[in-house]
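If you want the building blocks of each chain, they are given just below.
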Amino acid sequence: MNSFARFVIKRILISFLIIFVIAVFIFSVMRIMPGDPVRVMLGSEADPAIVEKIREELNLNKPIIAQFVIWIEDMLKGDFGRSLILNQDIGEMIAIRLPVTLSLTIPALILATIFGIIVGILCATYRGKLIDQVLTVIVATANGLPVFWIGIVLMYLFGTILGWLPTIGYANPFEDFFGYIRKGILPMTVLSFRPFSLVARQVRTAMLEVLRQDYIRTEKAYGISHRRIKYRYALKNALIPVVTVLALEVRTVVGGSLIVEQIFSIGGMGRLIMTSVLSKDYLVIQALVLVTSLFVILCNLLLDISYGWIDPRIRLAEGK
Amino acid sequence: MKKGGIFALLILICLSLPAFGASGSKKASKDGSFVVGVLTECSNVAAWRLRSSQERVAFAPIYETLFKMSDKGDIEGYLAEKITSNRDKLTYTVTLRKDVNFSDGSKLDADVLLWNFKNFKENSQYSSTEFGMVESFEKADDYTVVIRLKQWTSQVPFALARNAGLMYSKKAFDDNGYNWCLQHPVGTGPYVLDKWVNDEYKTYVRNAKYWNKAAKPFFNELKVVVIGDEAAAQNALMSGEIDGYHGFSSASQAAMLKRGGYVQYANKLGYGVYIVVFASDVKSSPLSDVRVRKAICYAIDNATMSKKLGFGMTIANNQYGIPGTKFYDESIKGYPYDPAKAKALLAEAGYSKGFTTTIYTGNDMDMTNWLVGIQGYLKAVGITLRIEILDVAEWVSTYMYDIPEGMIFGPRHSFSSNIVNQALSNFSFNAIGGVGMLNKCMLHPADVNDALQKAVSSDNDSDMLSNFKNACKLIFDEYCLAYPLANSSSSVVICKDNIVDKGCFNAGCEFPDYNLISRK
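Chains G and H, in that order, are what the protein sequence lines are. Read left to right, the first sequence gives residues 1 to 320 (this note's numbering). Read left to right, the second sequence gives residues 1 to 520 (this note's numbering).
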């Protein structure tokens, strides 16, 4: 077995271990959290006999270990169970809501990357000049502003004052692409603020670093045009760390979707997590945390593997 | 050139926004549809499971009740023609109209009514509150059902104007099963559910088989949108994407009304009370001394709190009954703000140096503001108040059951026509059974229990009111079991001023009648 295969297998095994630890953790947290899910489901006025009947049906009277084993067995069979509050199949709920969240978060990351790179290049190119200073302030502000505040302000400006954009709702891009763009602009913009600022700062710093390297000086000495040096050589090398930033920002964007979906009334994963936590719909929370963790772990796994593939020194170092 | 390109791109993006929005925000509420926002998504769909006021707003287009409450609190026939009672035989007899059908075409007859009653008693979380006294149901003829009681209660007609009177299609249940019904509303109402995107919106279209030919619903379509953030809801209302919003806090209601162009439509009988309940079940607690409880009440200036924290949306009060309604009792004295008297009572009870206690409430910013106010007032008389804010799940499962030493702050603890039942659940011996507040509390005096039991078993309105008022006098003035600070309407919709409400939200009935709302 070559070093790359060993590296990949090791990474996958570690990922499985992390997933198991998360499963144990989230299951334990849900049991420790105060509040009775059946009371939340039926209301505080519910008849105690009915409460007891539902507790039996949901296996809540069984020992914790038995409940955990039942849950894991069901999960392995692909059965996430039914929501206590909404009485819907959790697998179906995730299948409906995950695409909604992805259809906002992925374009948000793409937008952040494109504008972040453009702004980063501009800042590096015009280092110390007015445009650099102005853009640096904008980037720093974008990084510091809370997501909910940006959301409300943009909503007020573009929805209420100018009346250009709808402030609530979502449209499926495959059913109504124009509606999807119209309703999605604001949430996507809000979600892209933080990754945009990080990408812009990363590109600016990396570009300036690369432009100071000896090989760039050599290329200048060979008479290669400034433009070619900047875009062909400097930018290419400066973009490698951006991939790292983006992979790490996946979790930020997923986290941000909790707030953005709440503000813009979008029925995605973020909103489902929010309502499930508030109503202690523990089966839904367990499933959602696991699915979200899987998504983030998968992104990190791909990032690790790509590093090992791009740079042999990493997998060799791990092998030792 | 490069800079020019970038600026041109930015300008293009900005210019394209209005183009995207051209068919957007302001077109959401066309003349043929009414769009109302609600704070949270519905957890319950089936008629017998409905619980929150949001659920009533969302499913009132589909479900209708056997009886309705008039604005004065009188019971009026709707799906049922009449209800008659026989106290000696412990029965109520419900007679249905003969022309009612569900949206699936099935008839509402005695068999369907019987099934609805039995199903409610067996599966509703309100079973013990609404049908706790019911022994059995039996069909008398094709359109008549007799309700047999274990013990007399005057509250059955009121129950049938609320959840217990909502009718669900038995045919839909038989064809599809219990679990299907928990997700699919099938009723007799003027609209049917067209599309439901969970956590986003529900759309409704007119029920082509609607039985009530006299009703003239104005809107062809309804839409209920879930907007979980108040600021977002204000924006949506101002941008015209919604026509009304249910779920604003008092502050937001006041802000919207002050802005102009909006009106408040509220339930005329349904009120929530901001109430401090002395829930302690610990004998050594200072709260077990009535003088201490009264001192706490005298120490709090509820009139000022209502004015400042209620933003004009609350009424300072000293009882459950609302001024102007038949439940209000002018002879209840309450506890006008008097810190000197509070200190004197504390000294008399042996607490001149004060003491420390705890108050529990749910996670609600509005409630937190009130509690901070109470904390300040109590500090002034030497009482240190710890505030325990519980998250929603913990609060719902705790506040009526497991509070140790201390007090509960009821979050707009709501009531309407069930005001007598509410008091019975909380303060009578019934509470010890476990379905009301204070089931672990020591404070259930026998004379309060007697008065409430008499009120609920009265066979006429005047006896019921007289016993209820007597019980309230004991609860609030004599034993000081709780301290009501203020009341606010339990169901308020802020609408644009072009919406005309002739009895939808602005009515005595808990379930909005969407036949009675229109646009100017």
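Simulated from the structure, these hints should not be mistaken for lab results. Yeah, the Cβ is synthetic: ideal placement off N, Cα and C, and Gly gets one too. Be a bit skeptical, because a hint or two may be false.
[Said to hold, decoys possible] In the DMTMM-like style, the derived pairs of lysine to aspartate or glutamate whose C-alpha atoms are separated by at most 20 Å in a straight line are: (1) H:Lys-118 to H:Asp-141; (2) H:Lys-223 to G:Asp-89; (3) H:Lys-209 to H:Asp-104; (4) H:Lys-171 to H:Asp-142; (5) H:Lys-294 to H:Glu-478; (6) H:Lys-195 to G:Asp-74; (7) H:Lys-195 to H:Glu-55; (8) H:Lys-171 to H:Asp-109; (9) G:Lys-62 to G:Asp-74; (10) H:Lys-283 to H:Asp-142; (11) H:Lys-121 to G:Asp-89; (12) H:Lys-195 to G:Asp-89; (13) H:Lys-454 to H:Asp-329; (14) H:Lys-195 to G:Glu-52; (15) H:Lys-195 to G:Asp-176; (16) G:Lys-53 to H:Glu-122; (17) H:Lys-216 to H:Glu-55; (18) H:Lys-121 to H:Asp-104; (19) H:Lys-283 to H:Asp-329; (20) H:Lys-195 to H:Glu-230; (21) G:Lys-129 to G:Glu-209.
[Said to hold, decoys possible] Covered by chain H, per the in silico footprint, the following chain G stretches (three or more residues, Cβ under 8 Å): (22) 63-72; (23) 153-159; (24) 198-206; (25) 237-251.
[What the hints assert, rightly or not] Label-pair ranges, simulated between beta-carbon atoms: (26) G:Gln-88 to H:Lys-454: 28 to 34 Å; (27) G:Ser-15 to H:Ala-380: 56 to 62 Å; (28) G:Glu-73 to H:Gly-32: 49 to 55 Å; (29) G:Ala-49 to H:Lys-171: 37 to 43 Å; (30) H:Thr-356 to G:Pro-173: 57 to 63 Å; (31) H:Asp-141 to G:Gln-88: 37 to 43 Å; (32) H:Asp-104 to G:Ile-32: 41 to 47 Å; (33) H:Val-372 to G:Gln-88: 35 to 41 Å; (34) H:Gly-334 to G:Pro-48: 30 to 36 Å; (35) H:Lys-502 to G:Gln-88: 46 to 52 Å; (36) G:Glu-209 to H:Lys-195: 51 to 57 Å; (37) G:Tyr-231 to H:Asp-391: 48 to 54 Å; (38) H:Gly-32 to G:Val-21: 51 to 57 Å; (39) G:Glu-73 to H:Asp-391: 46 to 52 Å.
Hints, verified against the model:
| no. | hint | verdict |
| --- | --- | --- |
| 1 | H:Lys-118 to H:Asp-141 | 17 Å, holds |
| 2 | H:Lys-223 to G:Asp-89 | 25 Å, violated |
| 3 | H:Lys-209 to H:Asp-104 | 8 Å, holds |
| 4 | H:Lys-171 to H:Asp-142 | 16 Å, holds |
| 5 | H:Lys-294 to H:Glu-478 | 9 Å, holds |
| 6 | H:Lys-195 to G:Asp-74 | 31 Å, violated |
| 7 | H:Lys-195 to H:Glu-55 | 16 Å, holds |
| 8 | H:Lys-171 to H:Asp-109 | 12 Å, holds |
| 9 | G:Lys-62 to G:Asp-74 | 16 Å, holds |
| 10 | H:Lys-283 to H:Asp-142 | 57 Å, violated |
| 11 | H:Lys-121 to G:Asp-89 | 27 Å, violated |
| 12 | H:Lys-195 to G:Asp-89 | 18 Å, holds |
| 13 | H:Lys-454 to H:Asp-329 | 17 Å, holds |
| 14 | H:Lys-195 to G:Glu-52 | 34 Å, violated |
| 15 | H:Lys-195 to G:Asp-176 | 16 Å, holds |
| 16 | G:Lys-53 to H:Glu-122 | 11 Å, holds |
| 17 | H:Lys-216 to H:Glu-55 | 23 Å, violated |
| 18 | H:Lys-121 to H:Asp-104 | 24 Å, violated |
| 19 | H:Lys-283 to H:Asp-329 | 32 Å, violated |
| 20 | H:Lys-195 to H:Glu-230 | 24 Å, violated |
| 21 | G:Lys-129 to G:Glu-209 | 18 Å, holds |
| 22 | 63-72 | violated (count 0) |
| 23 | 153-159 | holds (count 4) |
| 24 | 198-206 | violated (count 0) |
| 25 | 237-251 | violated (count 0) |
| 26 | G:Gln-88 to H:Lys-454: 28 to 34 Å | 46 Å, violated |
| 27 | G:Ser-15 to H:Ala-380: 56 to 62 Å | 59 Å, holds |
| 28 | G:Glu-73 to H:Gly-32: 49 to 55 Å | 51 Å, holds |
| 29 | G:Ala-49 to H:Lys-171: 37 to 43 Å | 29 Å, violated |
| 30 | H:Thr-356 to G:Pro-173: 57 to 63 Å | 58 Å, holds |
| 31 | H:Asp-141 to G:Gln-88: 37 to 43 Å | 40 Å, holds |
| 32 | H:Asp-104 to G:Ile-32: 41 to 47 Å | 46 Å, holds |
| 33 | H:Val-372 to G:Gln-88: 35 to 41 Å | 39 Å, holds |
| 34 | H:Gly-334 to G:Pro-48: 30 to 36 Å | 34 Å, holds |
| 35 | H:Lys-502 to G:Gln-88: 46 to 52 Å | 37 Å, violated |
| 36 | G:Glu-209 to H:Lys-195: 51 to 57 Å | 54 Å, holds |
| 37 | G:Tyr-231 to H:Asp-391: 48 to 54 Å | 53 Å, holds |
| 38 | H:Gly-32 to G:Val-21: 51 to 57 Å | 55 Å, holds |
| 39 | G:Glu-73 to H:Asp-391: 46 to 52 Å | 30 Å, violated |
Checked against the numbered hints above, the structure violates hints 2, 6, 10, 11, 14, 17, 18, 19, 20, 22, 24, 25, 26, 29, 35 and 39; every other hint is satisfied.
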